[in-house]
Amino acid sequence: MMNKLIDFFLSLKLTVVLLVLSMILVFAGTLAQVDQGIWTVMDQYFRCLIARIDLHVFFPRSMDIPDVWIPFPGGFLIGWLLVINLITVHWANFRIQVGGGRKIAGILFLLLGVLVTVGVMFGWGTASVAATESDAFWRVFLRLGRGTLAAGVFYIACLLLFRKRAGMVLLHGGILFLLIGEFATALYAVEASMTIKEGETVNYIDHSQQLELSFTDTSNPEVDTVTVVPGDALKDGALIKPDGLPFDIKINHYMINSNNPKPLQGIPEPLRNRYPKYEGYGSRLYVAEQPEASGATGTRNAPAVDVELFNRATGDSLGRYILSLWFYPNFVNRSWDMPTTFNVDGKDYTAYFRFRREYLTSPGGNPYSIKLLDFVHEKYEGTQMPKDFASQILLVNEGDDVNRELRIWMNNPLRYARRTFYQSGYLPDDSGTVLQVVRNDSWMIPYLSCMIVFVGMAAQFIQSLGRYLRKP
Amino acid sequence: MKRSIITNIIVVLFAVWFFQSGAKPPKEAETDFQLNAFAHLPVKLEGRKKPIDTFARNLLTVLSDKQSVRVDGEGVSAVKWLLDNISGRPEAMDYKVFRIENLDVLSSLGLEERKRFRYSYRELLPALNTLDGAARSAYGKEDRQRDLYDKQVMKVANKIYLFQNVMASFEDPSSIPQEQLMATAQRYMRLENYSIPLVIPPNSGNPRWRPLMSTLLASHPAMNTVIEGHDISVDPLAVHMGVMLAAYRTGNADLFNNELMEYGAVLQADNPAVFDKLAFEVFYNRLGAFMKSATLYLLVFILSLFGWLLRKEGLIGAARALMVCAFIPHTFAIIARCFLSGYPPVTNLYSSAIFIGWAAVAAGIVIELVFRKKAAGMGNLVGGIAGFATLLIAHFLAGDGDTMEQMRAVLDTRFWLATHVITISFGYMATFVAGTIGVFYIFGGLFTRRLDEETSENLYRMMYGTTCFALLLSFVGTVLGGLWADDSWGRFWGWDPKENGALLIVIWNAIMLHARYGMMVKNRGFAVMAVAGNIVTAWSWFGVNQLGVGLHSYGFTQSASFWLLVFVLVQFTVVLIGLVPTRLWKSSSL
Numbered sequence: 399m400m401n402k403l404i405d406f407f408l409s410l411k412l413t414v415v416l417l418v419l420s421m422i423l424v425f426a427g428t429l430a431q432v433d434q435g436i437w438t439v440m441d442q443y444f445r446c447l448i449a450r451i452d453l454h455v456f457f458p459r460s461m462d463i464p465d466v467w468i469p470f471p472g473g474f475l476i477g478w479l480l481v482i483n484l485i486t487v488h489w490a491n492f493r494i495q496v497g498g499g500r501k502i503a504g505i506l507f508l509l510l511g512v513l514v515t516v517g518v519m520f521g522w523g524t525a526s527v528a529a530t531e532s533d534a535f536w537r538v539f540l541r542l543g544r545g546t547l548a549a550g551v552f553y554i555a556c557l558l559l560f561r562k563r564a565g566m567v568l569l570h571g572g573i574l575f576l577l578i579g580e581f582a583t584a585l586y587a588v589e590a591s592m593t594i595k596e597g598e599t600v601n602y603i604d605h606s607q608q609l610e611l612s613f614t615d616t617s618n619p620e621v622d623t624v625t626v627v628p629g630d631a632l633k634d635g636a637l638i639k640p641d642g643l644p645f646d647i648k649i650n651h652y653m654i655n656s657n658n659p660k661p662l663q664g665i666p667e668p669l670r671n672r673y674p675k676y677e678g679y680g681s682r683l684y685v686a687e688q689p690e691a692s693g694a695t696g697t698r699n700a701p702a703v704d705v706e707l708f709n710r711a712t713g714d715s716l717g718r719y720i721l722s723l724w725f726y727p728n729f730v731n732r733s734w735d736m737p738t739t740f741n742v743d744g745k746d747y748t749a750y751f752r753f754r755r756e757y758l759t760s761p762g763g764n765p766y767s768i769k770l771l772d773f774v775h776e777k778y779e780g781t782q783m784p785k786d787f788a789s790q791i792l793l794v795n796e797g798d799d800v801n802r803e804l805r806i807w808m809n810n811p812l813r814y815a816r817r818t819f820y821q822s823g824y825l826p827d828d829s830g831t832v833l834q835v836v837r838n839d840s841w842m843i844p845y846l847s848c849m850i851v852f853v854g855m856a857a858q859f860i861q862s863l864g865r866y867l868r869k870p
Numbered sequence: 028m029k030r031s032i033i034t035n036i037i038v039v040l041f042a043v044w045f046f047q048s049g050a051k052p053p054k055e056a057e058t059d060f061q062l063n064a065f066a067h068l069p070v071k072l073e074g075r076k077k078p079i080d081t082f083a084r085n086l087l088t089v090l091s092d093k094q095s096v097r098v099d100g101e102g103v104s105a106v107k108w109l110l111d112n113i114s115g116r117p118e119a120m121d122y123k124v125f126r127i128e129n130l131d132v133l134s135s136l137g138l139e140e141r142k143r144f145r146y147s148y149r150e151l152l153p154a155l156n157t158l159d160g161a162a163r164s165a166y167g168k169e170d171r172q173r174d175l176y177d178k179q180v181m182k183v184a185n186k187i188y189l190f191q192n193v194m195a196s197f198e199d200p201s202s203i204p205q206e207q208l209m210a211t212a213q214r215y216m217r218l219e220n221y222s223i224p225l226v227i228p229p230n231s232g233n234p235r236w237r238p239l240m241s242t243l244l245a246s247h248p249a250m251n252t253v254i255e256g257h258d259i260s261v262d263p264l265a266v267h268m269g270v271m272l273a274a275y276r277t278g279n280a281d282l283f284n285n286e287l288m289e290y291g292a293v294l295q296a297d298n299p300a301v302f303d304k305l306a307f308e309v310f311y312n313r314l315g316a317f318m319k320s321a322t323l324y325l326l327v328f329i330l331s332l333f334g335w336l337l338r339k340e341g342l343i344g345a346a347r348a349l350m351v352c353a354f355i356p357h358t359f360a361i362i363a364r365c366f367l368s369g370y371p372p373v374t375n376l377y378s379s380a381i382f383i384g385w386a387a388v389a390a391g392i393v394i395e396l397v398f399r400k401k402a403a404g405m406g407n408l409v410g411g412i413a414g415f416a417t418l419l420i421a422h423f424l425a426g427d428g429d430t431m432e433q434m435r436a437v438l439d440t441r442f443w444l445a446t447h448v449i450t451i452s453f454g455y456m457a458t459f460v461a462g463t464i465g466v467f468y469i470f471g472g473l474f475t476r477r478l479d480e481e482t483s484e485n486l487y488r489m490m491y492g493t494t495c496f497a498l499l500l501s502f503v504g505t506v507l508g509g510l511w512a513d514d515s516w517g518r519f520w521g522w523d524p525k526e527n528g529a530l531l532i533v534i535w536n537a538i539m540l541h542a543r544y545g546m547m548v549k550n551r552g553f554a555v556m557a558v559a560g561n562i563v564t565a566w567s568w569f570g571v572n573q574l575g576v577g578l579h580s581y582g583f584t585q586s587a588s589f590w591l592l593v594f595v596l597v598q599f600t601v602v603l604i605g606l607v608p609t610r611l612w613k614s615s616s617l
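In order, the protein sequence lines correspond to chains P and Y.
Going by the numbering used here, the first residue of the first sequence is number 399, and it counts up by one from there.
Going by the numbering used here, the first residue of the second sequence is number 28, and it counts up by one from there.
Bound conformation, chain P alone:
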């Protein structure tokens, strides 16, 4: 039984079959993007064990194809089977066949390679604040160079241990490393964004995949006290009693998506009659639940929550409010700011339903902030075609003694404190910038594995080419 299983995984036929299946999956996943958003496609095809391939993706959209789907091995399943297949084949066929000093030297080089790799991954040889100051390409060359260094050490190790098969082992090791890196990225990488107006200083990022309900006590002129309720807690019918607030929050209804608020007067009579009696913006604006946005239209979901507040001491209702993501300025690129304000026991509160906010801190725990000094949106003369987007920023971290003026522009991000800040968008009238902020500790793995595979493959092919040319 066990032997049969091993034989199954030992076969190159399995490799070929799995690779063919992955081609079909990738092909279908590409065609599906014509009418589905990339995130939906990713979950449905690639980041799953069993994929659901919709039949209609293979046909022109004008044809009337029944709405059926075919179960198919998903990206994770194929990936894992390939990894097992690869390891089994190598374990069986590429045994270390050397001994003595050569073996020891090989293992030492292997360890050295691991050391170099780990060092490169965690920032050996890079500045703590890394932004492009002059020519961009040196930065990438240097990274690839570090990758080549690691690859070179590994190649020597493989040469010592596997002789003629060194390239083969190395290149497959590189592929394995690449797959592991992508798996880690899928699990751990976090994408957020940062919106800054010109002249403004911002010290937090918006996690656009997560939401929270925030209440700010603004009665103290010295400090604001913020209390947040995480989005997970906002279940229909829940009664939330946050510490530090003198009131309870009852969740009437959580809406996955809501409309862009419209004036209530413009709404047809019957709809308006059924519309709840809200306080705040809801008394003047119409906000209602909408079907979930599909990726194809390029729109985002704008959740909203219908809440009622109760004074905790007296149990009296403080009013029913609708809090929509549409009211949050960073969701609408600062087109407007609509804070919901109310007063409880003589204290003023401001409420938002907003993206989960995370305040920026360096690994040492010191807070830092970014000020946008200038935003540049250049166009080619006589056209509307963008030539350049650039944010001139001031990065300040008093605790770590960082105070630097830097430029973030297309293809030239800032890397600082394990986060990378990319130029991503801009506010209306070029009045500010939107930065994409990514935290991904495995981001160097593709650089490393690219060079490892390259060195392994090149060595292998050159070896066989040489053998062929030497033949008469």
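Hints are supplied without guarantee of correctness; some may be wrong.
[As the list claims (entries may be wrong)] Here are the simulated BS3-like pairs of lysine-lysine, each with C-alpha atoms no more than 25 angstroms apart in a straight line:
#1 P:LYS562 / Y:LYS549
#2 Y:LYS400 / P:LYS869
#3 Y:LYS142 / Y:LYS182
#4 Y:LYS549 / P:LYS411
[Unchecked claim] Far from chain P, by Cβ distances over 10 angstroms, these chain Y residues were calculated:
#5 THR58
#6 ASP131
#7 LEU332
#8 LEU337
#9 LEU530
Keep in mind that the hints were calculated from the coordinates and are not lab data.
Think of the CB as a built atom: it goes at the ideal place given N, C-alpha and C, for glycine as much as any other residue.
Starting from the structure of chain P, add chain Y where the hints point.
Same frame as chain P, now just chain Y:
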């Protein structure tokens, strides 16, 4: 030995003669309009400075798919055509330059179908309102609701709008009465929102490129009655250009030439740097190296085909020499494009076709060198057909206007264009080369007796070697693309259609090698798989762009979809043919 030297000399002489023909400007008498000098004047359009020669050729190509006009069997150069039009000569309206090939559109415009499908502006005039109405209704629809007629109407209307905008940007407003000035100024401001030729270069009076009509309007003597506090600025360049066009309209060659020289002298004194590269670009245009190389590559292919089938060393040698002769101007023209545009060689579909063709020919030469006698002309065959086919594809892709366009902000990084794009193009090329050898293997084996055991082994070796390189290059190219994405927005892999297309090529090459290592296929099976690689590569190169989604969705064209489908079906047929049992093959030794 001696014979081959003589052949080579003849081939080289022939190639030199072939390439120089048409590269020299036509002779002009001193009393004629100095069109050649006019063609060298600078203009800025779509963000790039170029000579009027390029502008005229591109505009004509967009309208009529050709770089010159035929009138009564005589060729009229693009510059003369442009000058006739912008100067407002009445007979310019009779040039048949608007290509409309859709019969429904023609009948709705009240036009008769005709050979070559080209119509003059005068013929279109009565139908312009109808066309405008149809185009507006088509634009009002969502893309999915538009049918073929809508798309064709939009295509034709875009040509007309483009033409009208260009004409309007060369208007001379100096005789406009005062009461119409305001309306004219507003019209010009609207026009400036479109991409129109900016023909007045920066000079000491103004640091920006400007279109002629607005510059002339600013010097209109009554402008200060329209805009309060307007400073009537007389731009000498605009005045010279205006007089030049008027002189051309009235047929006054002396005045035209005089004004042209004055214009050149003023500009030379004021902003000499503006003339940089212009003369070289005009030369590049006139040389037309790509189409000439394509013709020679076809010849190379035909010669080598006979040489290969009949085992004639002499023919193969001559073809090899011819291939090298065509390769040199091809290389030169690619370098010239880099110099002119300031970008690495591949920036759009057009340049990718040119580059992949170049790389395929280079690979053909390498195959000839590495395999020497064993190649038996296979390198010529592959280089010839691949060079010809890709340059022909490039020719048809050139119809969108300037092929040296400026890059959008996110793509504007010479580093990644020079590494990722070049490597991935080499990967495409190598897969195509292996696939082409595969086609020769199948046809040679099935229909001729040429494929003996030795040839079969040699062809397999070539395919195997190329596939190894294809895998190496497409893998590295794909990963570099991911690294670019990581550097641009922090996502190494985003399952974008073009990324996926590149990944499919990598996987397919890996499948081929593993199938071979696992003894699942022999020589013939490997050839069949290589042909299938053509399908994968073609889809990745052109197919994903047709989906119209993703970051790489540039260059959508309807006819490209059609030809892609044809190509895929042909290659699929070859695959099926390759699966015919070997006992039916003519080369029975297998």
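Comparing the hints with the structure gives:
Our distance criterion of 25 angstroms between C-alpha atoms is met by LYS562 (chain P) and LYS549 (chain Y), whose separation comes to about 24 angstroms. Taking the CA atoms of LYS400 (chain Y) and LYS869 (chain P), the gap is near 14 angstroms; set against the 25 angstroms cutoff, the hint holds. For the hint pairing LYS142 (chain Y) with LYS182 (chain Y), the CA-to-CA distance comes to about 20 angstroms; that is within 25 angstroms, so the pair holds. Simply put, LYS549 (chain Y) and LYS411 (chain P) have alpha-carbon atoms about 15 angstroms apart, close enough for the 25 angstroms limit, and the pair holds.
With a least CB separation of 36 angstroms from chain P, THR58 (chain Y) remains clear of the 10 angstroms interface cut-off, as annotated. Non-interface status of ASP131 (chain Y) relative to chain P is upheld: no Cβ of that chain comes within 10 angstroms, the nearest being about 18 angstroms off. For LEU332 (chain Y), the non-interface assignment is confirmed: its Cβ lies about 26 angstroms from the closest Cβ of chain P, beyond the 10 angstroms cut-off. For LEU337 (chain Y), the condition that its CB be more than 10 angstroms from all CB atoms of chain P holds, with the nearest at approximately 26 angstroms.
Residue-level check failed: LEU530 (chain Y) sits 6 angstroms from the nearest beta carbon of chain P, not beyond 10 angstroms.
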